[in-house]
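Engineer: The whole structure should be built from the sequences, with the hints applied where relevant.
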Amino acid sequence: MARDKIYLEEIFPSPFMQLWQVFRKTPSAMAGLSCFIFLIILAVFAPILAPHSPIDGQLDMLLLPPAWHPDGNISYLLGTDELGRDMLSRLMYGTSLTFGLSFIVVITSLIIGVVIGSLSALTTGIKSSFLNHCLDVILSIPSLLLAIIIVAILGPGISNTVWAVVIVLIPQFIHITRYAVKEESRKDYVLASRLDGASPFRILYYSIFPNIVDRVMSQATLAQSAAILDIATLGFLGLGAQIPLPEWGATLANGLDLFYIAPWTVYLPGLAILFAVIVTNLVGEGIRHSLKLRKDK
Amino acid sequence: MLIFTLRRLSLFIFTMLVLTLLSFSLSFLFPGDSIINISGAINATPAQLIEIEKHYHTESNIFWQYITYLHNIVNGELGISMASQSDIATEVLNLLPATIELSLVALFIAMFVGIPLGFIAAIKHNKTTDNIIVSVSMLGYSIPVFWLGILAILTFSINLGWLPSAGQISLLFEIELITGIQFIDILLSDSPYKWQAFSDATAHIILPACVIAVAPATIFIRLARTSMIEVLETSYIRAANAKGLTFRQMIFRHAIRNALIQIIRHVGLQFANLVTIAMVTEVIFSWPGIGRWLIESIYQRDYTAIQSGLLVLSCFIFIVHILTDFIYAALNPLARGNKYGS
Numbered sequence: 001m002a003r004d005k006i007y008l009e010e011i012f013p014s015p016f017m018q019l020w021q022v023f024r025k026t027p028s029a030m031a032g033l034s035c036f037i038f039l040i041i042l043a044v045f046a047p048i049l050a051p052h053s054p055i056d057g058q059l060d061m062l063l064l065p066p067a068w069h070p071d072g073n074i075s076y077l078l079g080t081d082e083l084g085r086d087m088l089s090r091l092m093y094g095t096s097l098t099f100g101l102s103f104i105v106v107i108t109s110l111i112i113g114v115v116i117g118s119l120s121a122l123t124t125g126i127k128s129s130f131l132n133h134c135l136d137v138i139l140s141i142p143s144l145l146l147a148i149i150i151v152a153i154l155g156p157g158i159s160n161t162v163w164a165v166v167i168v169l170i171p172q173f174i175h176i177t178r179y180a181v182k183e184e185s186r187k188d189y190v191l192a193s194r195l196d197g198a199s200p201f202r203i204l205y206y207s208i209f210p211n212i213v214d215r216v217m218s219q220a221t222l223a224q225s226a227a228i229l230d231i232a233t234l235g236f237l238g239l240g241a242q243i244p245l246p247e248w249g250a251t252l253a254n255g256l257d258l259f260y261i262a263p264w265t266v267y268l269p270g271l272a273i274l275f276a277v278i279v280t281n282l283v284g285e286g287i288r289h290s291l292k293l294r295k296d297k
Numbered sequence: 298m299l300i301f302t303l304r305r306l307s308l309f310i311f312t313m314l315v316l317t318l319l320s321f322s323l324s325f326l327f328p329g330d331s332i333i334n335i336s337g338a339i340n341a342t343p344a345q346l347i348e349i350e351k352h353y354h355t356e357s358n359i360f361w362q363y364i365t366y367l368h369n370i371v372n373g374e375l376g377i378s379m380a381s382q383s384d385i386a387t388e389v390l391n392l393l394p395a396t397i398e399l400s401l402v403a404l405f406i407a408m409f410v411g412i413p414l415g416f417i418a419a420i421k422h423n424k425t426t427d428n429i430i431v432s433v434s435m436l437g438y439s440i441p442v443f444w445l446g447i448l449a450i451l452t453f454s455i456n457l458g459w460l461p462s463a464g465q466i467s468l469l470f471e472i473e474l475i476t477g478i479q480f481i482d483i484l485l486s487d488s489p490y491k492w493q494a495f496s497d498a499t500a501h502i503i504l505p506a507c508v509i510a511v512a513p514a515t516i517f518i519r520l521a522r523t524s525m526i527e528v529l530e531t532s533y534i535r536a537a538n539a540k541g542l543t544f545r546q547m548i549f550r551h552a553i554r555n556a557l558i559q560i561i562r563h564v565g566l567q568f569a570n571l572v573t574i575a576m577v578t579e580v581i582f583s584w585p586g587i588g589r590w591l592i593e594s595i596y597q598r599d600y601t602a603i604q605s606g607l608l609v610l611s612c613f614i615f616i617v618h619i620l621t622d623f624i625y626a627a628l629n630p631l632a633r634g635n636k637y638g639s
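Which chain is which? The protein sequence lines are A and B, in order. Positions 1 to 297 (this note's numbering) are the ones given, in order, by the first sequence. Positions 298 to 639 (this note's numbering) are the ones given, in order, by the second sequence.
Treat the hints with care, as some may be off.
Under 10 Å between C-beta atoms, here's a sample of chain B residues computed to sit facing chain A [stated by the list, open to error]: (1) 306; (2) 308; (3) 438; (4) 444; (5) 447; (6) 594.
Using 27 Å as the maximum straight-line C-alpha spacing, the simulated DSS-like pairs for lysine-lysine come out as follows [claimed, not checked]: (7) A:295 <-> B:424; (8) A:127 <-> A:187; (9) A:25 <-> A:292; (10) A:292 <-> B:424; (11) A:25 <-> B:540; (12) A:25 <-> B:424; (13) A:295 <-> B:421; (14) A:292 <-> B:421.
Read the hints as simulated data drawn from the structure, not as lab findings. From the three backbone atoms N, C-alpha and C, an ideal C-beta is built for every residue, glycine too.
Structural biologist: Below is the structure:
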């Protein structure tokens with residue numbers, strides 16, 4: 001019989017794997033994660049899955065209530081809006097705009113923020129103090145206000161909204177990376193590899209990054225829920241996605257005039273935003289919970 | 298404390314410089330002529346334009362232009378609005394108190410609801426009460442504020458008819474503007490219908506303030522819960538327990554005081570968040586504050602107003618931030634040490 005392991009070797013899982021082992025035992029976090037993956041799949045495959053076009057309206061199907069209503073039509077499951085556009089398809093396409101774009105936004109600002117943050121953690125003295133002060137100033141301005149200002153400079157539109165939210169989220173990532181790298185570099189294992197003669201970048205890449213990835217991820221979930229809310233709010237205020245894009249906030253603002261006649265055009269996009277943010281927060285809570293358990297062990 | 302004050306003062310001056318520099322550079326970043334962006338004189342004749350250029354020292358280098366800009370700000374000259382051609386400084390002074398009023402009321406509601414709930418959750422840690430409070434708080438900070446505002450208007454103003462849905466006070470009441478803060482103005486006025494006006498203003502503020510308060514309240518719940526859990530694990534609580542104090546005495550005399558200090562520290566940071574939420578809420582409830590004015594200026598491409606609105610709002614937020622830092626340091630001697638801003 002073949003024996004895979006001849007020697008008894010102790011395996012130390014990487015910090016990320018340790019996190020995952022706790023994470024998958026938390027039911028609420030796993031529920032959140034599966035819904036998160038569902039939303040990502042929906043965002044990517046919305047054009048294939050959606051039953052109707054989000055932009056073309058059916059003029060004989062105006063303001064159709066959802067299918068469970070006596071006047072509803074089963075082929076328009078969640079009803080239609082004032083131009084006869086199918087709400088379900090609009091919401092599905094909206095997933096790729098609100099949720100999908102916020103995901104891309106977070107990844108972009110995460111990469112930029114982590115690079116700048118770890119470089120700045122290596123600097124000391126007046127440069128570092130200057131950066132610290134600047135970060136304090138930027139972090140003291142609320143993210144939505146800053147996003148509104150950037151949109152005011154660039155002009156309304158979905159692509160400008162995306163850039164604005166990317167710029168707004170970068171300082172948070174710089175701050176957290178900088179702080180985490182500084183904290184880790186004081187530890188003994190970093191000293192050991194420094195004594196081995198490793199260059200600062202090697203230490204950063206091989207020793208420090210695997211140990212801070214969980215904290216950055218936890219920040220990323222916070223950033224993602226902020227990004228969803230920011231994109232939706234800008235869309236609602238008419239500064240983000242423009243007509244006829246089915247962005248959730250813009251769809252909600254669009255339904256506002258007909259709120260009393262067709263309440264579902266306001267309820268449904270709001271519920272979609274709420275669902276996306278709750279799912280993101282559940283994943284974030286799960287990560288923070290596992291981080292705390294690991295620290296206590 | 299002196300060194301702490303000096304440190305904060307240097308941070309304050311530095312921040313003000315960065316903020317003014319930012320708003321100064323905005324006039325070059327916005328589309329159009331920078332001199333018109335900064336002054337707002339959109340209908341100026343060529344002769345007036347030369348006069349304005351002289352006033353803003355456009356012929357000298359950029360550094361002197363910035364100094365002139367700072368000088369103008371200190372003198373309270375923020376230019377005129379491109380859309381309405383009225384003086385921005387007076388407009389801001391009329392609008393800012395309404396925002397301060399709304400956000401302070403919301404902050405107090407958030408604190409009075411959030412902090413006790415957080416303490417209860419911490420005392421019942423890992424029990425059903427705790428779980429319920431934590432789940433509700435998660436729902437609270439996930440909810441988009443504009444949606445919540447609309448639902449609140451639908452439920453309380455239209456279906457139930459309890460509270461008014463828009464504005465600061467009913468137009469029937471004529472209140473003279475003295476301090477700008479509505480409640481103080483009403484109390485100062487000598488109108489015979491003072492108390493009717495007061496109750497009307499209260500009815501108007503309840504709904505928007507509650508909508509704004511939801512998200513910060515849930516954050517206060519979490520902050521209060523974590524700091525209380527930390528405090529309850531400390532040795533002085535165990536000592537108090539060993540002394541034979543009742544649970545009630547232990548919580549009220551020892552635990553709450555120490556837990557509160559940690560929360561005060563975060564009030565400043567939360568306030569920034571609250572003001573942003575207030576901006577969106579002002580739009581929904583037609584509250585005559587600076588947030589709604591700023592968003593309307595964006596629709597109208599009123600660059601002079603955007604520039605000054607940003608400056609005033611962020612200064613306001615930063616001043617509150619520094620004030621809470623001072624209160625925290627005054628209450629907690631440990632915080633006066635050698636540390637950077639939170």
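Engineer: Hint by hint, note whether the structure agrees.
Structural biologist: Hint-by-hint comparison with the structure:
Hint status for residue 306 of chain B: violated, given a least beta-carbon distance of 13 Å to chain A, over 10 Å. Given the 10 Å rule on beta carbons, the hint for residue 308 of chain B holds: about 7 Å separates it from the nearest Cβ of chain A. Proximity of residue 438 of chain B to chain A holds as hinted, the smallest CB-CB distance being about 7 Å (cut-off 10 Å). For the restraint placing residue 444 of chain B at the interface with chain A, the shortest Cβ-Cβ distance is roughly 4 Å, inside the 10 Å limit, so the hint holds.
With its C-beta approaching chain A no nearer than about 6 Å, residue 447 of chain B sits inside the 10 Å limit, and its interface hint holds. A hinted interface residue such as residue 594 of chain B counts as satisfied when its beta carbon comes closer than 10 Å to some beta carbon of chain A; here the least separation is about 8 Å, so the hint holds. Distance check on the hinted pair: residue 295 of chain A and residue 424 of chain B sit about 22 Å apart at the alpha-carbon level, within 27 Å; holds. Taking the CA atoms of residue 127 of chain A and residue 187 of chain A, the gap is near 23 Å; set against the 27 Å cutoff, the hint holds.
Taking the CA atoms of residue 25 of chain A and residue 292 of chain A, the gap is near 14 Å; set against the 27 Å cutoff, the hint holds. As the CA atoms of residue 292 of chain A and residue 424 of chain B are separated by approximately 19 Å, the hinted pair is consistent with the 27 Å bound. Pair hint residue 25 of chain A plus residue 540 of chain B does not hold up; C-alpha atoms about 40 Å apart against a cutoff of 27 Å. Restraint check for residue 25 of chain A and residue 424 of chain B: satisfied, since their Cα atoms lie roughly 19 Å apart, inside the 27 Å limit.
Our distance criterion of 27 Å between C-alpha atoms is met by residue 295 of chain A and residue 421 of chain B, whose separation comes to about 23 Å. Of the supplied pair hints, the one linking residue 292 of chain A and residue 421 of chain B holds, its CA atoms being roughly 19 Å apart against a limit of 27 Å.
In this structure, the hints that do not hold are numbers 1, 11, in rising order.
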